[in-house]
Amino acid sequence: MHEMGAKALRLGIPLAVQLDITYRCNERCVHCYLDHDDRGEMTTVEIEGLLDQLAEAGVFFLTISGGEVLLRKDFFHILEYARKRSFCVRLKTNALMIGEKEAERIRSLAVESVQVSIYSHRPEVHDAITKVTGSLARSIQAIRFLHQHGLHVIIANVLMVQNFGDYPGVRALADELGVQCTIDPTVTPMMDGNRSILNLGIDRESLKEVFHDTALVKDLPDSCSVPITADEEVLDSTPCSAGHTACYVSPYGDVYPCVQFPLPTGNVRKTKFLDIWNYSPQMNEVRAITIRDLTNCSVCVHGGSCSRCPGLAFMEGNMRGPSTADCEKSFARTGIPSENLKRKMSSPSAPTLVQIST
Amino acid sequence: MTEKCYVARDTHVASRLMGGEMMIMSTRDSTLFTLNGVASAIWEAADGKTPLDEIVTDHICKEYDVSREQAMMDAETLVEQLASHGIMIVSDHEIVPPEISQVSWK
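Chains as they are written, first to last, in the working numbering: chain W, 1 to 358; chain H, 1001 to 1106.
This is chain H alone, in the form it adopts within the complex (with noise of 0.2 Å):
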């Protein structure tokens, strides 16, 4: 994964955090998914404008005892995967997401 990467929720997923635990649904195919506390906060800081490694030093390195290294290899394990499953967009440059409202309505 190169350095600087971002990350943004895809738009056909329905989350709602329930006890401490992401649960997400991809409304393509009605499949489940649950994302532990680490894994909630990167999920909820995907804006597709913040770096991935500004997540990681903002959201997990201050909360939790990890190595900044160690963090930053899980997170991008984290995205590749959530990103390999179609809810989760991953890029080199900022992404803006398609906002609701802007889709087009003809």
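Chain W on its own, in the form it takes in the complex (with noise of 0.2 Å):
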């Protein structure tokens, strides 16, 4: 995979895509970074069109998510023109419209895997994060269909302060049910900008707990050890897939580096998307990043370790800059403060006006 990958980014080539077919949903998750309202998506004909596109640049992995998926009525039409174009398609669902006779169409048409978010194992933590009663209990019983028609399901449980204690329980739920869990404590700001709802990440010690969880982490030393500066060779590579081998495509038809990088690069209903994968200078200017020119991260110890996120970045002010919540993993997993952290912890507090005296 990793030979293909580098091919890919040899060639330029836009090797994975996730497209948002809508951004309606039947859940209300109170982390979840979206807009629900329906502001114009793209009609069947607009995707298909946009499918071919995709085939023709040469994407091979192609992620389908929302929003929930399975709210558009040409959900089905839509994957089966994916799957005869020859996408490796991936879908995310909260899998609430997934009964026996949804998963049986799934695996006939050869989807490659399955991700269902499952933020706890006990109803009355899942459903207060989704808004909607019922939902853990209606959420397993379509990862079972899923499961018994012989499809890759994988769980994805995003900690937050709300249900952080129960990822053992949401781990031992996937092994009864034979499923894969994947396991990620970042909440991302909303694509609005809107960072408000950062407040419902795990804290500090928390997250240390998670970094340091035997169970999760496979070589405890090896991921916790003294970190290492990036190198000449790390200097000159560049920070992420985003913009490099992978992209994003609204239910609008509007194309970001990737879905947790809101930077608008064109829209594919007024430019074609290899001319905009090509040639947008936003795309282009992502791409010229190396690691040298990230200002803080390009001398800090977590330099050669750190998986700083570009669009994290990006959401918090600059795009060569820090990710402060990757910082706060390197941190959580050396007990080492990243250059940004350094610098905030040293910070003096903002000046505030006290009243003494009326």
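In case anyone wonders, no lab produced these hints; they're calculated from the structure. Heads up, some of the hints might be wrong.
Claimed, not checked - Straight line, CA to CA, 30 Å or less: simulated DSBU-like cross-link-like pairs of lysine-lysine:
(1) K1049/H / K84/W
(2) K1062/H / K7/W
(3) K84/W / K272/W
(4) K84/W / K7/W
(5) K84/W / K1004/H
(6) K73/W / K272/W
(7) K73/W / K131/W
(8) K218/W / K7/W
(9) K131/W / K101/W
Claimed, not checked - Here are the simulated distance ranges between beta carbons:
(10) T1034/H / H77/W: 30 to 36 Å
(11) G1020/H / P264/W: 29 to 35 Å
(12) C1061/H / I289/W: 47 to 53 Å
(13) V1066/H / D38/W: 53 to 59 Å
(14) S1030/H / K131/W: 29 to 35 Å
(15) E1063/H / D38/W: 46 to 52 Å
(16) R287/W / D1047/H: 36 to 42 Å
(17) K84/W / D1058/H: 21 to 27 Å
Stated by the list, open to error - Okay, the calculated bits of chain W under chain H, using three or more residues with CB under 8 Å as the criterion:
(18) 79-88
(19) 108-116
From the three backbone atoms N, C-alpha and C, an ideal C-beta is built for every residue, glycine too.
Join the two chains into one complex using the hints; note that each chain is given alone, in its own frame.
This is the structure we're talking about:
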């Protein structure tokens, strides 16, 4: 797989695209970064045309996501069309609308994997996050159908203050269901830049607990060892696949480097996908950035091992700057603060006005 | 292998030509395969209706400097390997691969 990615990078091919076909959703998750109103989704014909263009551009992995994908009445038509164009299709869904016949249909269309969000093994916690009573039971039933039909199911468990203590229970549930489980401690700001939902993210101590849990981390001494400063090879490398071999297309046709990197680069309703991919000044600006260009990060002690997300850095205000969420992860792993965290820790408190007399 | 052999791509695969090589993933187990240019030509021509010997004559011998016997032997080995991984169907009669749109939707 690494070789495939390296080849795509060399050839400038968008190997992986996430296409959100709707932002509408039948859950109202407290941490969701999307606005769920329909502001003019691409039509079936527009999506077919886009899939043709993506196939022509060399896209191999197509993640179809949302919103809730099954809310589109043409969902199976889109899926069928994508498979006819020979994409390796991955689905992301809350699975509320997947019954036995939907699971059978998804299997018959040879979908590679289906990712289902599960926040807790306890209905009172999961349902409080999705704001839909009975949603855990329905998602679990759907997972059983999908698994029974031989599909590769992945439970995605986002960790928040509301559900932090439940991840061992979710992992046990995944084992019982015979499916894979991934855990992600990242809460993403809303796409419109609103950062208020970041308050739902777990605190530093909880993050440390996750990164030192031997049930989750295979090689604990290696993972938590003293970090490596970026060497020359790392300094000349690029931060991640966003804009290099991957990108994201919204239900309205907007193209971004990644779903977590809301830098507008063009719209497929106005410009051909490959023209956006090849010639968008914004896409090329993202591509031009190497680790060496990153303020703070290029000289940071974690430079050689950090998982810095350029999209989160962009949403923090500077695509060449640090992503504090990833600085926190590096700190949680190693106990050594990043350059960015050191700066934040030593910053004086914001000036405040205190009224001392009337 | 019999004289008349028909080959078809399995429907449980994803594939894309990248830099002259065919990347194939089995969606059953996410195994990834790479075919070189010659093998890619056979893969693309494997429509279930064209006999393998015709594929070799039309797509390999005309394009590459290779004897027909050698090309046929190599092609047979390749399709047997692909079939063993479940990504190609091999038969002594024409294959009608299930079109994705024809899969039943009850």
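Status of the hints after comparison with the structure:
A distance of roughly 19 Å separates the Cα atoms of K1049/H and K84/W; the hinted pair therefore holds under the 30 Å criterion. Our distance criterion of 30 Å between C-alpha atoms is met by K1062/H and K7/W, whose separation comes to about 28 Å. Proximity of K84/W to K272/W is assessed by CA-CA distance (about 21 Å); at most 30 Å being required, the pair is judged to hold. Under the criterion of a C-alpha separation no larger than 30 Å, the hint pairing K84/W with K7/W is consistent with the structure, at around 24 Å.
Taking the CA atoms of K84/W and K1004/H, the gap is near 28 Å; set against the 30 Å cutoff, the hint holds. A C-alpha spacing of about 26 Å is found between K73/W and K272/W, which places the hinted pair at or below 30 Å, so the restraint holds. At roughly 23 Å between alpha-carbon atoms, K73/W and K131/W fall within 30 Å of each other, so this suggested pair holds. Annotation: proposed proximity of K218/W to K7/W holds, straight-line Cα distance about 29 Å (limit 30 Å).
Taking the CA atoms of K131/W and K101/W, the gap is near 26 Å; set against the 30 Å cutoff, the hint holds. For the pair T1034/H and H77/W, the beta carbons lie near 31 Å from each other, so the given range of 30 to 36 Å is met. In this structure, G1020/H and P264/W meet the distance hint of 29 to 35 Å, their C-beta atoms being roughly 34 Å apart. The hinted range of 47 to 53 Å is satisfied by C1061/H and I289/W, whose Cβ atoms lie roughly 49 Å apart.
At roughly 57 Å, the beta-carbon separation of V1066/H and D38/W lies within the given 53 to 59 Å, and the hint holds. Between S1030/H and K131/W the beta carbon distance is about 34 Å. The supplied range of 29 to 35 Å therefore holds. The hint said 46 to 52 Å for the Cβ distance between E1063/H and D38/W, and at roughly 50 Å that hint holds. Taking the beta carbon of each, R287/W and D1047/H are about 38 Å apart, inside 36 to 42 Å as hinted.
Checking the proposed 21 to 27 Å range against K84/W and D1058/H shows it holds: the Cβ atoms sit about 25 Å from each other. Coverage of the segment 79-88 of chain W by chain H holds. Counting CB-CB distances below 8 Å, 6 residues qualify, and the rule asks for three or more. Residue count for the segment 108-116 of chain W with a Cβ under 8 Å from a Cβ of chain H: 6. That meets the three needed, and the coverage hint holds.
In the structure shown, no violation is registered for any of the earlier numbered hints.
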